[in-house]
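Novice: Chains X and A, in that order, give the protein sequences. Going by our numbering, the final residue of the first sequence carries number 201, and the count climbs one at a time with no gaps. Going by our numbering, the final residue of the second sequence carries number 1372, and the count climbs one at a time with no gaps.
Fair warning: there could be bad hints in the mix.
Sample of chain A residues with no beta-carbon within 12 Å of chain X, all distances over it, derived [unchecked claim]:
no. : residue
1   : 1006
2   : 1039
3   : 1043
4   : 1155
Below, a list of computed lysine-lysine pairs in the BS3-like style, where the Cα atoms sit at most 30 Å apart [as the list claims (entries may be wrong)]:
no. : chain 1 : residue 1 : chain 2 : residue 2
5   : A       : 1101      : A       : 1246
6   : X       : 85        : A       : 1026
7   : A       : 1044      : X       : 83
8   : A       : 1188      : X       : 85
9   : A       : 1234      : A       : 1216
10  : A       : 1026      : X       : 159
11  : X       : 159       : A       : 1167
12  : X       : 83        : A       : 1167
Some chain X residues near chain A, calculated using beta-carbon distances under 10 Å [unchecked claim]:
no. : residue
13  : 111
14  : 123
15  : 131
Read the hints as simulated data drawn from the structure, not as lab findings. Note that the Cβ used here is the ideal one computed from N, Cα and C, for glycine as well.
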Amino acid sequence: MKKQNNILISFLCILLISFTFRVSAQSNVTTALGMTTTDNLTTNSGPKSYGFGSVRNKLNTANADCFLITASYTASDFAASGKQKAYRFKLNNNTILEIGVEDRDHWYIRRKASLSNGSNKLWLDYEIYDDLGVSGNFTFIIGHYFIAIAVDDGSSNYKLAPVFFGMDSNLGTLISHMGEFTGETYNYDLRDVYIHRDSKI
Amino acid sequence: MNTVRSIPDLSATDVIIQAHRGIWGKRNTNQENTIGAMQAAVSKGYYLLESDIMPMKVQDDGTYSNSSSGKPTDLACFHDFVLTRYTSETNDNHRIYNRTKSQLKYLSLYKPRTEEVGTEKIMMFDELVNYAVNNNRIICVDMKNLESKGAGSSCSQLCDWETQSRKNESLYHNLKFAINNTAESDLKNLAFKTYAEYEDLKNELTSSPDAVSLSKFNKVLWAPLLAPADKWKKTNGDYDVQLIQKYLDGWFLHNESVLYYETNFFNAYDQESSIMLKNDFCVISGSSTACYNIMEYIYRMSGRRAGIFSEEPVGGKGTVSRWGDWNIKGLQNKGGSGKDRRGDHLWLLSQPFFKHAVITTDRPDLWDQLND
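Chain A on its own, in the form it takes in the complex (with noise of 0.2 Å):
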């Protein structure tokens, strides 16, 4: 993996936008995730949509703090395990996890910024796979899985989905039903979020029950996620640059299967993340070392762009958990939690290498305006 690809025009933007959610933050237009928000990227001429998928009706015991299995019946494109944010639900016990999809197809949504109920319902993922493919579109999905509100003793919901182990075990199960229940000439159209190294998606999901069929396996697009973690992480708390390497030099070899490498970095002055802005990512040719930030590492490594999602606000009020819950980012260099950056356009610019990344984005409007 020494070879070092020639690089693009560094003067010019060229980034390329993903549609988060579709186009939906506008006033009285679509909903986050329908297919109204959708046909609006895609009039656009946005080729990215991005959405987020959510397990339906999970098997278990009914209670979903003791579950067996985890497995979903249906996968809708749903941002909340709650429905009341922007559905015409009331009851907050009603979640997507225990609502089959007719109950779902039964709720409408409020209109962006209004009290308005609007026509549209809540999108099945079978018929965002069918537009993308009708549309010639690639669909990024970012695959939710069950996790707990809350952990140990403050735990309030889905108690039994607190640890690693089961959270991925619901994302498996998520991700085999979403590849199985695709047909294979439509998996072209579809790329899916993942922390995990190539090879251990392969096994797990290539493994009983429910396996991927290897065919079906190979046929899958990727985006590789970086983000601040404990996983990345020395001893001493120092950020491992080698570790990095490795997970996507692990890539790096199916690149075929890439469609581009997300990043996540909050800002230039986070201990947490700013590794990921340094000229830390070497590369050794010959008698020679050259070492670039992780954009511009992952671009000639790969041929591919690396991408970020510059976290713009969901609502009013910021940014929303899964739970409904809102939370207020802060600004870099003023202490407190937060300290994050992203939402600001002309910086992200500014930072090396960044006119040529994967904008996942809900301002496309914005960043058309910045590109060349």
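Looking at chain X on its own, in the form it has when it is part of the complex (with noise of 0.2 Å):
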């Protein structure tokens, strides 16, 4: 209940992305956060998967909402055609998250649900339509509703692209959802994406 209480407090606005107010790229994403690196799953270059039960048992163990991974890739670290997962999930019983690149050229998210077409089991793909680049420093936001992907810009800003699913997983504790967001750049588009403080692992 303690947990609830702090959840419930907690709201922290984690993103202001415009040219006026500019916020330093990988690194601020996990102070606006609140969380350190030992919160976090942080990995080497190159692509990587997670084993689905260690993902499901420390979300458990934490009841925590989401959770942030690092990375830093260069293009080269994915096949130059094709689909190439980079991370895959399973959050919990019915829904498997994966998160790749495509043709070396933009990111997509790969959604599993236990709903079934006939005899197959659903698969959706989301392309991510914003142009974040392949290459960088890298913060991916897992949840059971959604998956961000911010990337450093260079210099003290950084790009986001959270995809929403509206999962009902029972955990998730976003209070937006769409099917997804993108990163427009239009300097009046401030945009805030609310996570709770305690949603970490």
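Dock the two chains into a complex; use the hints.
Specialist: In structure tokens, the structure reads:
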């Protein structure tokens, strides 16, 4: 209950993107969330996969709503053509999420649900419409309802492309839901994404 | 109206995709509601294209607060009243309803999700009709009308267009303009979304001023809309299934004029709209009664598909209003406003009979993957 109370009172605005409100890149994502490197799943360079069970267990143990992975890539880490996954997670018994890069060009998120189409389980690939690039310092914020990809833009700013699924996991605490949020960069396009401070492992 | 039609293979997914404002979401491509966005949808093989249509240079005394007319001088394919969201217009007092065709054509459109001004211009309604006719496509028209920003003492714009009767007045002006200025042979390529009952539409559109001829009216296709609203409620606040059925039955009698039936519900738990997902829509046949959810009821009674706007994002901040204001939707079961799950493709597909819906979507690429 204490945990829940903490969750309820601790909304944290993590991202404001504009040309007038600049934030530093990678480190500011975790700083804004009140996280330290020990809270994150930090990877080495190159695509990597986590076992389903380990992620699920960490989420459950921490009663967490989301977690972060930080990683550094260059385009050559990925195949020149086709889809190549960077991470794959099983977040609950019904939901599998996969993050990857297609054609060394753009990110995609693959989502599998318990729904079936005839005898086939349904997978759905969300192409990330924003041009985030595939080289740079990335932060992946992963939850039951969403995945957000943030990347250092090379200066003091960062770009963000969150994708929201609307899955009913009874754990998610995001207050917003859409099919996809993407990073428009007009000067007046401030954007807030609210995640509870305790959304971490 | 007690004929129950056979149903399709429920195990197969066979949604019809309607490209909402064309295909336009990807960075640095075509802006919404442009000829480029429509061409992108056609190149992907979609037969249903959707577009917002806005009245231009509305005739009045020039203030738009005490309009005595509200008739448009032309129609444009555009979503907002304001022009500053994605055109090169910088003067916020220049609104689409006070601009002429030549003034709008002077403006350039930003490419999606960039700060680059592209070469595209605002498309006029007649250009869209010609494109649909020449490419054998159907345009589903989301006809806009003048309406106030805010209400009562907080109203700040178009305050003379606050009441439903004034909004309807503007809407019928725009519908009349669209139909009267489209060749009768081209009307087969248009369908208009409408909340109205068939008889009301007929009476309003075929009467003066600027009456639509009966011959033309009979050629028009419609997409009747059902959405959560007080008009469907009983005095105790509960939704009245029989009122909804009465509305639908009225349209079933004119089924030849219906392209499809649009439904609108937000999630399975929303008390305001979950009625559409319950098997409360019943058909009496002899001594037996069969009950279905609204999707299946519509299909069985009319042979037409039901549909929904899956309400995916317009941009980085959620959805946008006609005044350019952004709104973020809420998650289901999380309280607050919103509770809208329509952007969840897999959830929508899990709803009974939804595998045979008409899906109005900003992400046809996602729905394509789900079709068998």
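Novice: Take the hints in turn and mark each one as holding or not.
Specialist: A quick look at each hint next to the structure:
Even its closest Cβ contact with chain X, about 20 Å, leaves residue 1006 of chain A beyond 12 Å, as expected for a residue assigned away from the interface. With 12 Å as the threshold on Cβ separation, the claim that residue 1039 of chain A sits away from chain X holds: the shortest Cβ distance comes to roughly 18 Å. Residue placement check: residue 1043 of chain A keeps its beta carbon more than 12 Å from all beta carbons of chain X (closest about 17 Å). Residue-level check passed: residue 1155 of chain A sits 24 Å from the nearest beta carbon of chain X, beyond 12 Å.
Proposed proximity of residue 1101 of chain A and residue 1246 of chain A is contradicted: the alpha carbons are some 42 Å apart, above 30 Å. Among the hinted pairs, residue 85 of chain X with residue 1026 of chain A is consistent with the structure: their alpha-carbon atoms are about 22 Å apart, no more than 30 Å. Distance check on the hinted pair: residue 1044 of chain A and residue 83 of chain X sit about 21 Å apart at the alpha-carbon level, within 30 Å; holds. Our distance criterion of 30 Å between C-alpha atoms is broken by residue 1188 of chain A and residue 85 of chain X, whose separation comes to about 46 Å.
Among the hinted pairs, residue 1234 of chain A with residue 1216 of chain A is inconsistent with the structure: their alpha-carbon atoms are about 37 Å apart, more than 30 Å. At most 30 Å may separate the alpha-carbon atoms for a hinted pair to count; residue 1026 of chain A and residue 159 of chain X meet this at roughly 16 Å. For a cut-off of 30 Å, the pair hint linking residue 159 of chain X to residue 1167 of chain A is broken: about 41 Å separates their Cα positions. Proximity of residue 83 of chain X to residue 1167 of chain A is assessed by CA-CA distance (about 49 Å); at most 30 Å being required, the pair is judged violated.
Given the 10 Å rule on beta carbons, the hint for residue 111 of chain X holds: about 7 Å separates it from the nearest Cβ of chain A. Nearest Cβ of chain A to the Cβ of residue 123 of chain X: about 8 Å, under the 10 Å cut. The hint holds. Interface restraint check for residue 131 of chain X: the shortest CB-CB distance to chain A comes to about 5 Å, inside 10 Å, so the restraint holds.
The earlier numbered hints that this structure contradicts are 5, 8, 9, 11, 12.
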